[in-house]
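Asks: As given, the protein sequences belong to chains A and B, one line each in that order.
Residue 1 is where the first sequence starts when you use our numbering, and the numbers rise one by one after that.
Residue 1 is where the second sequence starts when you use our numbering, and the numbers rise one by one after that.
Hint data in this document are derived by calculation from the structure and do not stem from the laboratory.
Please note that the accuracy of each hint is not assured.
Unchecked claim - DSBU-like cross-link-like pairs, simulated, lysine-lysine; straight-line CA separation at most 35 Å:
#1 A:LYS26 <-> A:LYS123
#2 A:LYS26 <-> B:LYS58
#3 A:LYS154 <-> B:LYS184
#4 A:LYS26 <-> A:LYS154
#5 A:LYS154 <-> A:LYS67
#6 A:LYS154 <-> A:LYS123
#7 B:LYS58 <-> A:LYS67
#8 A:LYS67 <-> A:LYS26
#9 B:LYS58 <-> A:LYS123
In this text the structure is predicted, and so the values were computed from the model without any measurement.
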Amino acid sequence: MIEFDRVSRRFGDIHALRHLSLTLDKGEMAFLTGHSGAGKSTLLRLLLLLDRPSGGDIRVCGESTAKIRTRSVPQYRRRFGVVFQDHRLLFDRNVHDNVALPLVMAGYAPRESQRRVRAALDKVGLLALERANPASLSGGEQQRVGIARAVVAKPEFLIADEPTGNLDPALSSEIMSLFEAFNQVGVTVLVATHDLPLISRLRHRILTLSSGSLAGPESG
Amino acid sequence: MARPFSTVLIWLVVAISLSLPSTLLLSLDNLGRVVPDLTRGAQLSVMLRSEADLATAKRVEQRVGAWPEVSRVSLILREQALMEFAEQTGLSSVLMSLENNPLPHTLLVAPQPDMSETEVIALMGRLNQLVVVERVIQDTRWMARLQEILLAGWRWVTALGGAMALGAVLALITTLHLAIDARKEEIEVVSVMGGSAAFIRRPFLYTGLYFGAGGGVLASLCLWVFSAWLVQPVDALFALYDMASPFRGPGALYSFCLPAAGAGLGWLAALIALRRHFSLLEIR
Chain A
1 MIEFDRVSRR FGDIHALRHL SLTLDKGEMA FLTGHSGAGK STLLRLLLLL
51 DRPSGGDIRV CGESTAKIRT RSVPQYRRRF GVVFQDHRLL FDRNVHDNVA
101 LPLVMAGYAP RESQRRVRAA LDKVGLLALE RANPASLSGG EQQRVGIARA
151 VVAKPEFLIA DEPTGNLDPA LSSEIMSLFE AFNQVGVTVL VATHDLPLIS
201 RLRHRILTLS SGSLAGPESG
Chain B
1 MARPFSTVLI WLVVAISLSL PSTLLLSLDN LGRVVPDLTR GAQLSVMLRS
51 EADLATAKRV EQRVGAWPEV SRVSLILREQ ALMEFAEQTG LSSVLMSLEN
101 NPLPHTLLVA PQPDMSETEV IALMGRLNQL VVVERVIQDT RWMARLQEIL
151 LAGWRWVTAL GGAMALGAVL ALITTLHLAI DARKEEIEVV SVMGGSAAFI
201 RRPFLYTGLY FGAGGGVLAS LCLWVFSAWL VQPVDALFAL YDMASPFRGP
251 GALYSFCLPA AGAGLGWLAA LIALRRHFSL LEIR
């Protein structure tokens, strides 16, 4: 469970987030939407402790993140799988090694790591491209590699920042159904997107940010 | 390493910075070895009292010659000394006009070759205690001067070595900055995914180690080539003085210490470069 309790983030005179409160239940899938500059990225950065709030508290599974020390931040971040808009794959290694990165960090044995990477790639339908260089893949395939990397270590939460930003509607819908599939096996999913036509067709809660606050009625 | 050219360049920078001071250090090492060899030739001049006659002088010569710490004694008679002095100075007419020979009988005492400075001094004391001995002279001033020259040399090498090492570290830091910059994207991704600072640092520390140790190996190679080039004329020079050449090459010590020193500098440079970069990327 993720709780934002009257969270604010100021950059000088600019209020990126203003007393924002929201709750994401365990096993829930929700969309975070709003115009550019509405505070979506700030919210995700605060959640991943890439930034700290100016006020309020963020609790994950009842524990305040304010108490997490710098030394323990990497451990905390490993509870999240993160998908980026621009994939952020590393082109100096093949698909397999990209996906294996979180497992290498966590110190998995090569054999176990191999097994999990293949399982994750199988789920996103890219097992055949295991040895390919990600640069040779299409945008949609690259994003699927990014998703495989995000889920390979079986995180509790899956966070995606504009995962369909650069994809056509058919591919976007494919990517969203992947997220839904992971949600169905118990992963809590939060997807920041402004692809309103797509998400309005899916039956999940939509959190709309407007000038740093939650706006309008929540649908779900 | 993906960029062999820049790797070789940084190795050369480290190698030059390390090999220059270590060449000087090796030279000083060898000079230090020559010094005891020179003192070995040092003789003690033992002036007897002017009232000591020839018989007494011969008796003392025999007695001192029997001491275990003395390898050789020769007696220079006062007349003989006067003649040599006259010859060398060209003052024979003046000296002939003297009523009495002002020079005493003198013993030239050569200590055992393996004796240390303090043992030689002890021998001088023992000689001084003999009743007929006026005084014992050892020309130690040149040795004292040489000691000071060597000390100054050590300090010079230390200062130069420090400056060169600093230069090497700065060059390494710059190169590592570039290496880190080139992988900024990766660092950010790994950091967001929960890679610990140690995990992110590790490859760069190894890169620093690789740059530094490689330079150190190259430096010790330079030192070997240099001493191989130098050994022939140095040996020939000592042969001309009828002495065994004390020249020693870098040996195992230098061959091990240079790569180790290079590795240490590389590691240090990587730590500094990472520290600066991490504060820029806000990775703690």
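Asks: For each hint, tell me whether it holds in the structure or not.
Replies: Hints, one by one, checked against the model:
no., hint, result
1, A:LYS26 <-> A:LYS123, "22 Å, holds"
2, A:LYS26 <-> B:LYS58, "112 Å, violated"
3, A:LYS154 <-> B:LYS184, "26 Å, holds"
4, A:LYS26 <-> A:LYS154, "15 Å, holds"
5, A:LYS154 <-> A:LYS67, "24 Å, holds"
6, A:LYS154 <-> A:LYS123, "13 Å, holds"
7, B:LYS58 <-> A:LYS67, "97 Å, violated"
8, A:LYS67 <-> A:LYS26, "21 Å, holds"
9, B:LYS58 <-> A:LYS123, "109 Å, violated"
Checked against the numbered hints given earlier, the structure breaks hints 2, 7 and 9 and satisfies all the rest.
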